[in-house]
Amino acid sequence: MIEDLEMSNALLPIGFCDLLPSDAEAEASLVQWIMSAFNDYGYERVSPPLLEFEQSLLANAGSGIAEQTFRVMDPETHYMMGLRPDITPQIARIAATRLINSPRPLRLSYAGPCILVSGAKHSAARQILQAGIELIGVDSPQADAEIITIIAAALAMEDVLPSISIDLMMPQLANTIIQTESFDEQQTKILMRALDRKDVAAVQKYGGALSGILTTMLQAAGPADRAINMLKGLDLPQEAQQIFDRLLTVVEAVQAHNPDLQLTIDPVEFRGWNYHTGLCFSVYINGVSGEVGRGGRYLSDNGEPACGLTLRPDLLLPLINFDEHIRERVFVPFGHTIQELTSLRQDGYILIMGLTADEDAQAEACRLNCNYILQGKELQAVAE
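Residues in the sequence shown are numbered consecutively from 1, following UniProt numbering.
In short, the hints are calculated from the structure, not lab data. Incorrect hints may appear among the rest.
What the hints assert, rightly or not - Once the Cα atoms are required to be at most 20 Å apart in a straight line, the calculated SDA-like pairs of lysine to any residue come out as:
#1 Lys189 - Gln204
#2 Lys198 - Phe270
#3 Lys189 - Ile178
#4 Lys377 - Ile338
#5 Lys232 - Pro141
#6 Lys377 - Tyr349
#7 Lys189 - Gln68
#8 Lys377 - Ile352
Construct the complete structure from the given sequences, taking the supplied hints into account.
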């Protein structure tokens, strides 16, 4: 009976888990690495609350996260509140309210947990970790390129992570082209569905005069240079040409910063980019199923142009080996003071303090996985 009770106390809801010491330390180290990279490029950290009123959380850019939001009632005010499934709308709120008078462009970074109603296709997790950046107050290809290049820089850990690739999309492009023809609502729906499914035969069947352009766009999906060469040969409508020109400028700017970064382009992808107003991008890393980050251009809560990208550091943990970065542990026999140990701490050692005067220092050091014992002022290696 006691054993059953103990087991039940260890159960957690589906999609939630405990991170034990080694994994929790690896996650914290990874987030610290990423956030330090963001800060190096002037992105200042903000920390919005995990829970806030539904009215503000789901307003404007937050409307797209309503289906993934857990809701509870505030016992104090009796207003409904939501547990955030995404931090980006909160950053948009902060920029439009508390930081409305701060100089633009506003560069903000963030990291923290989010709660989902249901897990994504590639992960059953319902408590996820996000870290990201937002560049608010300017609408330019250079701003889009800055987000992409800084994300790439933050993930540039050659001894920890494999190479990354970034997929660029223009959700408005296909729709802009389709609107130049007088398709009825049903025809438009069928054609958009065909594009979504990457069904070349259906696009050729239902695309009418646009079937040639749309088919080429479908076939252009792939490495950026190849896609651009194929798209350059199309006779695009004026508005669509402007969208493509913007993409071209972003690619050139990114390649100027980081010529080795792997870029791909999907000219007809539009699914899941509901509130975005321009170029969008997804981040992929070898060894991880699905995207590890996504972002793009949107409008902040007060209509300001903004661009950002959110990473999922928790998805990277299975790839990470921090063994080379593990700090060595020193067992400190009872009687030493914290002040005496300052230099060891500054040198990067983890200090395990003895708690009784009569304990066997060698045995305790072995039992607690220490590398050294402090003997006087010297470190002595623990005998294996």
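The hints, checked one at a time:
no. : hint            : in the structure
1   : Lys189 - Gln204 : holds, 15 Å
2   : Lys198 - Phe270 : holds, 12 Å
3   : Lys189 - Ile178 : holds, 11 Å
4   : Lys377 - Ile338 : holds, 13 Å
5   : Lys232 - Pro141 : holds, 18 Å
6   : Lys377 - Tyr349 : holds, 14 Å
7   : Lys189 - Gln68  : violated, 25 Å
8   : Lys377 - Ile352 : holds, 15 Å
When each numbered hint is compared with the structure, a violation occurs for hint 7 only.
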